[in-house]
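Peer 1: The residues making up each chain are set out below.
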Amino acid sequence: MKKRVFIFMLALLVSGLLAAKNFNIGANYSGYYSDNIFMNVSQITDYVSQLQADIHFSVNKFNLYLNASTDIYADNPDFNSFYIEPAVEFFFSLKGRNAVSLSLSYPILNYKELFTDFNHSGPQFQANVKLYTTPQTLLKVGYLFQSRNYSNYESFDFRNHTAFLEINRFFNTQTNVRLQAGLHYRYYPHIVENFDFGENYNYYNNRKSHGKMSKQSQRQSPRYKTMSVPNVYGVLHISQGIGTRLGITGEAEFRKNFSGLDDAETLIKNSYIIYPYNDNYLWDGTRFGLSINVVLFKEFSVEGLISYFDKNYPGIYIMDADGNVIEPVTERNDSLLLYTLKISKKIRQWDLFTHVSYRDNHSNDDYFFYTLLTISIGIGYYF
Amino acid sequence: MKTFGLFLSLLLSIKVGIFAQEPIKYYRVDSVKTIKGEIINITSEKSYHKRNFTVIYLKEKKSGEIYRVEVSPEWFFSMDLMKGSQIEVTGSYCLMEDDKHLLMTRSITFQGEIYQFRDKYGFPLWRGKGKYMKPGDKGRMRRRGRH
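Going down the list, the sequences are from chains F and X.
Residue 383 is where the first sequence ends in my numbering, and the numbering goes up by one at each step.
Residue 147 is where the second sequence ends in my numbering, and the numbering goes up by one at each step.
Because the hints were derived from the structure by calculation, they are not lab data.
None of these values were measured; they are calculated from a predicted model.
Misleading hints may appear alongside valid ones.
Claimed, not checked - Cβ-to-Cβ under 8 Å is the rule here; a few derived chain X residues that face chain F: (1) Asn52; (2) Phe53; (3) Glu74; (4) Met79; (5) Asp80; (6) Ser85; (7) His101; (8) Ile114.
Every residue, glycine too, gets a C-beta built ideally from N, C-alpha and C.
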């Protein structure tokens, strides 16, 4: 019933957009080669094609859009996925350049057979306020709520809250100094306590053919517990313009977790496969970044970025190849060097870009001692 | 008949009045030029069907002339530009009746990044084009949180 209502609402939104006079469609293709798609010691290579379409419509202070995309893996089709996100945004001008913006969306991600435990959906809400206290000082306050429901594996369900305060000051020397402080709070409402581990669903243990988790095993052990991971952070961002076509940016970030994922084995062991993509709330430590942006002849844009991360994972302990915690118990610690080069160019309605990135991740957990090279190309057309 | 003539002239005077308030401006591809300069003020002004538009007052580096740079509806403008910023604006230029310089923005270059507001033909990107084309994304496709 719930699904039917959702499909009906989606159909209503799409038909509404198509009936409107000034709606637009964008479509693009991007493909990337990765020599380590799971970001771990497995070093599984693949070529991923991403097709994306976007319908957009704006009326008065509201923007409505529908974004759909699919990821197609050449050699690992089990990881293919389909993503759809309907959303509405609202922008309200206050006095001067001050403004309030709100957005509400409902992203849905579905994987194919083997990874359906990671299928998720849920609402996202974002609110931001911009206040110019002087012509060269900007104050921002923001809040983000994200709820994810994993219908096939409810232990993964979580709620994220992020709140931040940012002060941005511009100096006539073309220097911009930005200081942001915030709080991340992730809450897991029902983690299964006594999960029955077995060979066929342990992602950590099974590196090549990642097995599917047994729903049966969840039903056998219906004891749940809740868990929260609060995290405070601060970011210092300094950018310097040299003329208009060259910019240098330095950034430092510090994070502190007040608690980790202690005693959440069902979550840790089986969600390792997605943690590299989704560990934003789970690590504390430091990050340093240095980037250079240049606009060259014929409007070619080039961006070079080097980042260094020193990450601790509170509550996540290093394990052996079979997924057993190694004694004495030691928390996972990673140091990551990330190099990225991006080149982009617009030619009439076409948008072309290429990215090359290289990750060198050192970890005290052998499973996460890896390198990763990604080369991507993309082309977009806007109607 | 006399009443009708009076009504018609009144209607015409209202229409002329409306046009006098806000002259129609067109983006012309044959008048595109690039101006480098320093921002002396950024405001939000009612323009184009009474929508809030971000307007930059730019002092050209070479000549010292002041340009009124019309950028985009306020909701589309996500750059944190402030007074004193040195920028490069490419757009359609016209000299207004009161001898003021006007530039309708196609792109702004700031600290090594290009922010697009119109395509090469002057079509505004805020009239659709998808969320991932917002300034700030610099035209790159956004890979959303998928995992």
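Peer 1: Does the CB of Phe53(X) sit less than 8 Å away from some CB of chain F?
Peer 2: 10 Å, violated
Peer 1: Against chain F, is Met79(X) within 8 Å by beta-carbon distance?
Peer 2: Violated, about 11 Å.
Peer 1: Identify whether the interface hint at Asn52(X) stands, where standing means a beta carbon of chain F within less than 8 Å of its own.
Peer 2: 5 Å, holds
Peer 1: Grab the minimum C-beta distance from Glu74(X) to chain F and call the hint holds if it beats 8 Å, violated otherwise.
Peer 2: Nearest chain F Cβ about 6 Å off; hint holds.
Peer 1: Does the interface hint hold: is Ser85(X) within less than 8 Å of chain F, judged Cβ to Cβ?
Peer 2: Since the shortest Cβ distance to chain F is 7 Å, the answer is holds.
Peer 1: Should the hint that Asp80(X) touches chain F count as held when the rule is a Cβ pair under 8 Å?
Peer 2: 6 Å, holds
Peer 1: Classify the hint on Ile114(X) as holds or violated, based on whether any CB of chain F lies nearer than 8 Å to its CB.
Peer 2: Holds: closest Cβ of chain F sits about 6 Å from Ile114(X), inside 8 Å.
Peer 1: Return the status of the interface hint for His101(X): holds when the least beta-carbon distance to chain F is below 8 Å, violated otherwise.
Peer 2: Since chain F brings no Cβ nearer than about 19 Å to His101(X), farther than 8 Å, the hint is violated.
Comparing the model with each earlier hint shows violations of hints 2, 4 and 7; every other hint is respected.
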